[in-house]
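On the provided structure of chain A, position chain B as indicated by the hints.
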Amino acid sequence: MSAVARPAPHAAPSTASRMLRVFFRRKVVAVGAVLVLLTALVGIFAPMLSADPGRMDVASRLHRPGAAYWFGTDDLGRDVFARVVYGARLSLLVGVAVVALALIGGLTAGLAAGYFRRLDNAIMRVMDGLMAFPAIILAIALMASLGPSITNVIVAIGVVYTPRVARVVRGSVLVIRETAYVEAARALGVTNLWIILRHVLPNCLSPVIVQGSFVFAAAVLTEAALSFLGVGVPPYVPSWGNILSDGRLYLQQAPWLVLYPGAAIMITILGLNLLGDGVRDLLDPRLRGAASEPKST
Amino acid sequence: MALVVATVAFVLIHLAPGDPAAIIAGPDAPAEDVARIRQSLGLEQPLHVQLVRWYGRLVQGDLGQSIFLRKPVVDAILDRAEPTLLLTVSAIVIAALLGVPAGVLSARFHNTATDQTFMVLALLGISVPNFLLGLIFVLVFGVWLGLFPVAGYSPLEDGWLLTLRSLVLPAFSLGLVQSALIARIARSSMLDVMREQYITTGRAKGLGERLVVYKHALRNALVPTVTVIGISFAVLISGAVVVETVFNIPGLGRLVVSAVSRRDYPVVQGVVLVIAGVYMLVNLLVDLSYLIIDPRVKYQ
Chain A
1 MSAVARPAPH AAPSTASRML RVFFRRKVVA VGAVLVLLTA LVGIFAPMLS ADPGRMDVAS
61 RLHRPGAAYW FGTDDLGRDV FARVVYGARL SLLVGVAVVA LALIGGLTAG LAAGYFRRLD
121 NAIMRVMDGL MAFPAIILAI ALMASLGPSI TNVIVAIGVV YTPRVARVVR GSVLVIRETA
181 YVEAARALGV TNLWIILRHV LPNCLSPVIV QGSFVFAAAV LTEAALSFLG VGVPPYVPSW
241 GNILSDGRLY LQQAPWLVLY PGAAIMITIL GLNLLGDGVR DLLDPRLRGA ASEPKST
Chain B
1 MALVVATVAF VLIHLAPGDP AAIIAGPDAP AEDVARIRQS LGLEQPLHVQ LVRWYGRLVQ
61 GDLGQSIFLR KPVVDAILDR AEPTLLLTVS AIVIAALLGV PAGVLSARFH NTATDQTFMV
121 LALLGISVPN FLLGLIFVLV FGVWLGLFPV AGYSPLEDGW LLTLRSLVLP AFSLGLVQSA
181 LIARIARSSM LDVMREQYIT TGRAKGLGER LVVYKHALRN ALVPTVTVIG ISFAVLISGA
241 VVVETVFNIP GLGRLVVSAV SRRDYPVVQG VVLVIAGVYM LVNLLVDLSY LIIDPRVKYQ
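Chain order of the listed sequences is A and B.
Using the numbering used here, you'd call the opening residue of the first sequence number 1 and step up by one each time.
Using the numbering used here, you'd call the opening residue of the second sequence number 1 and step up by one each time.
Note that these hints are calculated values from the structure, not bench results.
Here the structure is a predicted model, which is why all the values come from computation and not from measurement.
One thing to keep in mind: the hints can contain errors.
Stated by the list, open to error - Cut-off 20 Å, straight-line C-alpha distance, at most; resulting in silico cross-link-like pairs (SDA-like, lysine to any residue):
id, chain 1, residue 1, chain 2, residue 2
1, A, 27, B, 121
2, A, 27, A, 16
3, A, 27, B, 33
4, A, 27, B, 112
5, A, 27, B, 117
6, A, 27, B, 111
7, A, 27, B, 124
8, B, 215, B, 97
9, B, 71, B, 117
10, A, 27, B, 116
11, A, 27, A, 282
Claimed, not checked - Pairwise CB distance ranges (calculated):
id, chain 1, residue 1, chain 2, residue 2, range
12, A, 236, B, 81, 43 to 49 Å
13, A, 203, B, 113, 39 to 45 Å
14, A, 203, B, 36, 53 to 59 Å
15, B, 61, A, 267, 45 to 51 Å
16, A, 68, B, 36, 50 to 56 Å
17, A, 249, B, 81, 40 to 46 Å
What the hints assert, rightly or not - Some chain B residues judged to face chain A by a derived CB distance under 8 Å, without partners named:
id, residue
18, 135
19, 241
20, 272
For glycine and all other residues, C-beta sits at the position ideal for the given N, C-alpha and C.
Only chain A is shown next, with the shape it has when bound in the complex (with noise of 0.2 Å):
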């Protein structure tokens, strides 16, 4: 038996436990936190929360909010609640499918330009021509093209979101692919595939996260910007654009169809905001430093 005893398993904090710690000890990105779970809960459970949310009460319609209708019912007499519940879904699934879509994209992009530089300026050109657009711009008319559909509006903000996913990597890969790990690798006869995966895309991750983080707060955000536009999902939909949409002709008789959906976005987005700093701080060593204490913003 060793004279030296080896550590109990629980003794010593994990890396990952710590990280958590150091995360969570800034009250903003816990409250970041609590309000991005609130609202991924929320549509998770929204069959469970609220009633069928195309069910049309045309007796009810534009009926105040009350007990019978917590946030009150829009001009076809459906209610808002179970509209704004399902929206939160429907933001929860644009805003997974857009990270999940550019992250695959811009990866293979990014690490296929970095890594080949063969293939970097071709890539690249593509990727800052995509940049050149201004998102929405370049939304819509990728939606103008494609219809309207949930998986389009999907298509359509990953599209947009992908180079400056790319960029990203890119930018990690060209200094990665230099150090002596890499050129050791190369020198024992390591496939480039096999470098890429085991050694280049793992110490590239952080930014990514970063930028992932980003990714689904203007994701949220440009799915409410198309649909309040009508060129998003189909107005039948619950999403919060659309509520919002509905609710610019009835601002007057009606304004909890903007007051309660734009809530719901605010609340999101900076739940979103928040927690992505958060991230940034932790994962960006310049700034890890600060993160571990305390901030006062």
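Just chain B now, with coordinates in the frame of chain A:
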């Protein structure tokens, strides 16, 4: 870059699954109408020929013919450019006038109640979509208080005062959100500069705090701030597209949204290309402005 942007704009119209002419004409359109649209858009040509012709037309400033408006796309864009341009410029003025002082004051009074108040407001600001802020402004200042028109736009030919009045709410809806972002960047770049040694030297040799902050620190903190103002201008052009819908302003935003619903692809393509062009031009001007702000910056 311009070539890549032109190519992307060309590809956008060809992304539609199936025949674009049939989609534009609608499901019940007779075959002759579909053929006419196909011919007017040059869709019967091979793709590479269409692309070369597209470049050729762009060089001559020809963005094609609107299918619905029955006039050149360039004319349709010029007719609608005034409100969008004025809205964007007013919004950037508001954003810079509110954002830069808020960021500078936050940095000067770092970790005080002033700093925290400005930063909480900025955080709330970046979390509110501009179209939502627009709707709230319409409700409060238009419907409840009756101070400003709830919708519409008065062109400059009706008098600039009326134009200004019609732009107050939309410009603030756009500008306030962006001022929050500018304030955050201005604050962080000021804080970086305030830690520099020449600031300590300035204080050590007895310069007043105002002189140190507003003369020595501010100018050096302006490069990232101007960058974000430039980016904001580009963001505001696209933000104007959404806010125009809230306030029913007949600008480029309304034009492109109506064109999408009418499947008027040449107009969508034209507006998208023009906005991307302005976006690139603004970014170029921002790069060039560094030469004036920071004498250390030199381009080869």
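To see whether the hints hold, each was checked on the structure:
no.	hint	result
1	A:27 / B:121	holds (17 Å)
2	A:27 / A:16	holds (19 Å)
3	A:27 / B:33	violated (63 Å)
4	A:27 / B:112	holds (18 Å)
5	A:27 / B:117	holds (16 Å)
6	A:27 / B:111	holds (16 Å)
7	A:27 / B:124	holds (16 Å)
8	B:215 / B:97	holds (18 Å)
9	B:71 / B:117	violated (52 Å)
10	A:27 / B:116	holds (14 Å)
11	A:27 / A:282	holds (14 Å)
12	A:236 / B:81: 43 to 49 Å	violated (35 Å)
13	A:203 / B:113: 39 to 45 Å	holds (42 Å)
14	A:203 / B:36: 53 to 59 Å	holds (57 Å)
15	B:61 / A:267: 45 to 51 Å	holds (47 Å)
16	A:68 / B:36: 50 to 56 Å	holds (55 Å)
17	A:249 / B:81: 40 to 46 Å	violated (27 Å)
18	135	holds (5 Å)
19	241	holds (6 Å)
20	272	holds (5 Å)
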